[in-house]
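Chemist: Fit chain C to the known structure of chain U by using the hints.
Protein chains: 2
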Amino acid sequence: MAYNIVSLNELTAQFKKLPGIGEKTAQRLAFYVITAPEEYATRFSSALLSARSKIRLCKNCQALSDSEVCPVCSDAARDTGIICVVSDPKDVLAFERTREYRGVYHVLHGVISPLDGVSPDKLKIRELLARLSDGNVREVIMATDPTVEGEATASYIARFIKPMGIKITRLAYGVPVGGNLEYADEVTLQRALEGRNEI
Amino acid sequence: MAYNIVSLNELTAQFKKLPGIGEKTAQRLAFYVITAPEEYATRFSSALLSARSKIRLCKNCQALSDSEVCPVCSDAARDTGIICVVSDPKDVLAFERTREYRGVYHVLHGVISPLDGVSPDKLKIRELLARLSDGNVREVIMATDPTVEGEATASYIARFIKPMGIKITRLAYGVPVGGNLEYADEVTLQRALEGRNEI
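Chains as they are written, first to last, in the numbering used here: chain U, 4 to 202; chain C, 4 to 202.
It does not matter which identical chain is meant; a pair holds if it fits inside one copy or across any two.
Mimicking SDA-like on lysine to any residue, the simulated pairs with C-alpha atoms at most 25 angstroms apart in a straight line are:
(1) K19 - Q30
(2) K93 - E13
(3) K27 - D94
(4) K27 - V180
(5) K93 - G25
(6) K27 - K57
(7) K27 - F98
(8) K57 - N12
(9) K27 - T45
(10) K27 - R59
(11) K27 - P74
(12) K20 - K57
(13) K170 - A97
Hints are computed from structural coordinates only; laboratory data are not their basis.
Next comes chain U alone, as it looks inside the complex (with noise of 0.2 angstroms):
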């Protein structure tokens, strides 16, 4: 382009990389960061650099956190004797959104998927099972996402567990709320009458 401006092109570019993000939204973003108070660029700039130093992995359920142990964990209120099971570390987030779960976490980093060439070893599987190991666990729920290879983890996972003679649970399946029964797919809609509860 003949209009070259360095510094608002590198910027657009940054943004760019961003998931979902393309060239013209970009370059929209990018102009509101650059009239907007010089104060917007200062904290955002600082706000990415810290958050990105400061955040780890819980050491114990792998999911994100700025310190050693992350707030579920290090909540003694949480029952300890479930684990709920998810690929990403969005997941639990999405739960606790619900307010209702009071069990613990651990976060895989993904699902099994052999064409995008992750393997088992690639996940926090060894992770769940040493923590399994010390027998105070009751249940594992298996919050993969309800997908093939989500599938394909959470049954690979339950080998390793069952002979623990720990209870595993899978998330039901069916409509989800609010939904709109014409637009639900025949799979999901026949796995709503399996699992239909007597009212």
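Modeler: Chain C in isolation, oriented as in the chain U frame:
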């Protein structure tokens, strides 16, 4: 939320301030940053600071620039006899993308909008009139947005320029190329009819 990771929440908050970025997207972007290679956060961070501190307005046309005079104004091949007046710095990039326009620009930095407290003296109108006073400009293209405020701003400025004997033009109205007539509003269609050309 129970799950309170201070530095992550702060980064999410900064993303959320960007236009068009809601809570969920902000969270997704923040997660991306903390899981991407550390180099990304560092480069993004310095791009923010650099763009914000280096970019200023071209002393001539008021477009964004990282030098005293913008790339267009400092290009000797451009025709300084034609000035395209736009309301927003982003509009300069839009025109430059056409690779057709060979004149120069003038950025007003807004449109007259009494309801939003934008009076004519808040815009770079004085700077535009100063540029026209040396008698070298043959034509001023009013390229403010085709909105009520854009029109009003164009008319307002035209009143000052007309007495100088300089030709004033306005962008053509019509149906957008590649658009679907079915979805064109009646005003646009009416203008397209009025401006019809023989083929």
